[in-house]
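Undergrad: Just so you know, the protein sequences line up as chains X and G, in that order.
Quick note on the working numbering: the first sequence kicks off at 1 and runs consecutively.
Quick note on the working numbering: the second sequence kicks off at 286 and runs consecutively.
These are computed hints drawn from the structure, not numbers from a lab.
Glycine included, every Cβ here is placed at the ideal spot set by N, Cα and C.
Mixed in with the good hints there might be a few duds.
[Stated by the list, open to error] Keeping only pairs whose Cα atoms sit at most 16 Å apart, straight-line, the calculated EDC-like set for lysine to aspartate or glutamate is:
1. G:644 x G:571
2. G:517 x G:656
3. X:201 x X:181
4. G:481 x X:47
5. G:391 x G:380
6. G:391 x X:181
[Claimed, not checked] What the simulated footprint calls covered on chain G by chain X, stretch by stretch (three residues with Cβ under 8 Å from a Cβ of chain X suffice, anywhere in the stretch; the number is not a length):
7. 636–647
8. 658–666
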Amino acid sequence: MARLRGHNFVVANLLMGPTMLWLVLFLILPLGVILVYSFGSRGTYGDVILGFSFDNYLRAFNPTWLPIILRSFGFAAVATILTLLLGYPLAYFIAVYGGRRKNIYLIMVMLPFWTSYLIRTYSWIVILRSQGVINTVLMWTHLTSNPIEILNTPYSVILGLTYGFLPFMTLPLYASLEKLDKSLIEAAWDLGATRFWALMKVTIPLSLPGIIAGTLLTFIPAVGDFITPDLLGGPNTMMIGNLIQQQFLSARDWAYGSALSFSLMAILLLGIFFYVRKAGAENLA
Amino acid sequence: MKRLDKELRVMVVDGLGGPMTRRGFIKRAGAAGLLVGASGFLAACGGGETTTTTAAGGGGGELAKELYFYNWSDYIAEETIPTFQDEFGVKVVYDNYSSNDTLLAKLQSGATGYDIIVPTDYMITTMLGLDLLQEIDLANVPNVANLYQRFREAPFDPGNKYSIPWQWGTTGIGYNSVKVPDFKPSWDMLWDEKYKGKITMMNEIRDVFAVALFRLGYSPNTIDPKEIEEAKQMLIAQKPVLKHYTSDTYIDELASEDSWLSHGWSGDVLQAQMENEAVLYAVPEEGSLTWVDCMCIPKGAPSKYTAEVFMNYIQQPEVAAGITNYVYYASPNEKAEEFILPEILDDPQIYPPQEVMDKLTFLEELGTDTELYNAAYQELRAS
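Just chain G, same shape as in the assembly (with noise of 0.2 Å):
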């Protein structure tokens, strides 16, 4: 998700050829592009107004000139937007950023003038708490049925009100099969003295303190100063195995073995293993975090009407499967499955089997009491 070295990495990977299985699709997926380009550009001679045959009826409107983009970086695939703007004849203007606290600093300091943005779940009950968004006129998005039920009514938005699914993913360990031969799923895992030097943890607080809190077996989410307290401790004795703490570069490290045992997130971890086929995912047994990044619409927005039609235009099977096959992170529509390559659906390192499903909690936001966990983590780096 955090890709400060994103540049440099992409350098890399199309200077060593890249995955062909990628490529391949990109090409698949341009021809499907042109398809769904057609059949919008019939069904525009046809009706006059730009409403095609997915974004019916509703709360309609005039489709706005422009449309205010702002999305994690390498986070859609090359075709989506493409599409969309042939299809619809709105140009999308396309910004990208790096974490949720950018994005929320950003809104925060009165940047107006997006449309969209795509906020993680626990950032989006921070956003509402801050009256950041604006309510969506899910009559502008029948796609909305597409999705998977569990995020129809996700705990942080039940009913999609605010929010639309953009894609979702899991926290876990990145390890190389190689050089730790005696991996197994658990959290343990980062504490093997073994293993001294080559394990890195993110630079998140609560996706660090839910580490321990899984490994003692409280929930990520407690509020008990001494469960965190407990967290805290098992951290701090932690410190001297650990290479260092880091959001970003880990991709890099595994897939170049400066690292052999790194807290991260799915997708993340898949890229270092197109680098490096040593490169393995695995959610610990104790359980894990999930996550889910969906798309809002801020207030203040230009063109709200605009981007409920890009909603439900990123909603079409087609094109979140599209997606799914460029990013590797699962797509949280159900009936994209048919569309997204099976490698990537019978993969249970993007789509997780049921019984590690079973052990998937999201972080809440949780208010004032997030102070205990910015208190401890500030303890902790500073001992």
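Only chain X is shown next, with the shape it has when bound in the complex (with noise of 0.2 Å):
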């Protein structure tokens, strides 16, 4: 990259300088404030006592997480491959036959945000409990004679995850379909490849970078999601976020939940160091 000098290099200060300014306010000092709250204790009426232990980390890595953060990654994981399987075609569409509707689609695709996660998230127990509108349509049309119940399970929390990501997927997946060379695909047809084919050797390996960004985009925070867990789940679904979550508030113990965070934080970029390396080489390849 060229050094940028004089005027370009005040020009590229004030451009990058809010950015920076926000990220130091927003993510570096509060970061820096839950590193520091994470090797202090809990005092006697739950407020933090700063100090210097590795007690709370000692605590993190505790085998009773083990079902608690292996159904994190499990339901995310799972949540994120539905939303890849969702998305795809979705963005495929919009992308490549979408014409003058795109825009259209795109904000249909968008809109779900207008409203607020909580109240989409509640429109779901009005959808999926025994006397919501599934049960309903399936008792009267005489299908099941007992409501099937969906809600308080694993699967509906699954289902809450993919529904409130589907757009984080889609989005991303969209911009790099749409970036993608049309003659490339013309050029395997005419090489003889089927439309299979074609698929699986150029369309996704060129639109991976899309994968790449919307897998994390979704991964990523569906780990850490407490609200879909707390308003969907049932008793077994409690989720690493639940457990952050409960102790900065009903457990007040600021110090333990500092930790806690970090540790997820520190899991997590690990992991995407991986994945990005492991799917940035075979992007080149």
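Two chains, two frames, a set of hints: combine them into the complex.
TA: And the structure:
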């Protein structure tokens, strides 16, 4: 990259300045506070006593949490795969066949964002519950004699996550499919590839950056989500996000909560690092 | 008490027409409010200073222009604040929260500017431990004399030095009397295999453990690790029959019959009852928790004197009764009894009979021992 000098240097700083300030004030600084807290301990009445001990981290790597951790990663992984399976054809359709209606389709993908996530998750309760929309229809048409219990199970949590994060998957996929040079696909056909193999060997590899971005944008927030398992979950669907939230609110152990947050962040960063490296390498090959 | 879904539910209730008794009363109370307002107006004309007949004497001061009041959501009568504003010429800025944890987190993170907050009993101990509250000048709150004796000498604040009770209630079981015909007032119901998938527990650490501890015959404030462990095992054994842990959605679920047996707060269950007559509330025989939310003045409150005048106003019998008639929680104000609707005063779900009262306990703040419960609860939820 070319070194910036004189006028360009000033302009670059003016452009980057606000963002950097924002990041320092609202990301680095709070993270620093959490880091400092994570070495402290809980006071008698739930205040934070600053100190320097690794106790919270030792407690964080507690076998008790293993089911919660596995569950969080499992739910998030399944939800990510489902959003990919649903989002890819959708993004492909908009990018390739959208034509003049492209923008309308894209607005439709983003439309749910105009309503609060809380309200949208609540509507799933109305849809799924035993006196809800789905069960009423099933019972009325005599397809089932008893309501199916979907709400408050792992399935409803995964459904909620998939629904909530679908746009995060669809939009980056669309961005990379839209840029895709259609003549490359035609070339594959000309060279004898069936439609299936052209998709597998040309379209999907070329949209890999979109797939990587989409999976990251879906998986990371899904692992840490706490609203969905709180509202749609049952007795056995607690996720890491709930555990951390509980430390900050009802348990009032901010030091421990901070250590848990940092541990989760470390695990995710490590995972992302290897994922991007692996996926990136394949992308280039 | 927790009201995440309040707005949604209000829409549903209002859409259905709502319970007539309550609406009818609001009109009457409005008229009563006018009368109170008028007397205040006369007092103001006569005395020049806006100290009314009830807020007499004491370390006075000037009334502030505005009073910042931070209370639980949906926990006040419609006329309570307007009447105060008219009577005293103080504008009340009213804000809501939905849990003690939120309130505390906000105060701890340095939120100031509130004159009155309404924490629950044990939380007052916590806040005192964290040095977040100011002593109240009771000379400005003579109406404290209207309180029942047991609220004058509550264990968490004997003598009301830091807190003036707002409303109180109990914790118990909300149940659907049609779906659960064999209901008996016992915590055992929440373990009944027959109602698998129709049972909910609150998502509150101490409250959940209190249920198992009462069932085992222990104190809900025990700090014996063996008793807590026993309670944890009992609660783990309960998980297969549970629908989920929830502190707010159970009101809806009881009303819509998605849950038939819910561990919950008295007033919340009664809200479900207004939507579905089959829903009833009972305090189990093994004993249960009682709680009282109290008005307190946080450190750094801009208008302490005005806050005390407001507290005194709230403890006027008519005003205290107005709140109870509206929110269906019991009033700590004994003199208010004559203004409380008989249907509320005679309702054992709101005002429990003496034999039930005898078995009610407050939760106590346990300091460092709280961690015993925190750890056990997380093990329960993780299992």
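Undergrad: To test your reading of the hints: which numbers does this structure violate?
TA: The structure conflicts with hints 4, 6, 7, although it agrees with all the remaining ones.
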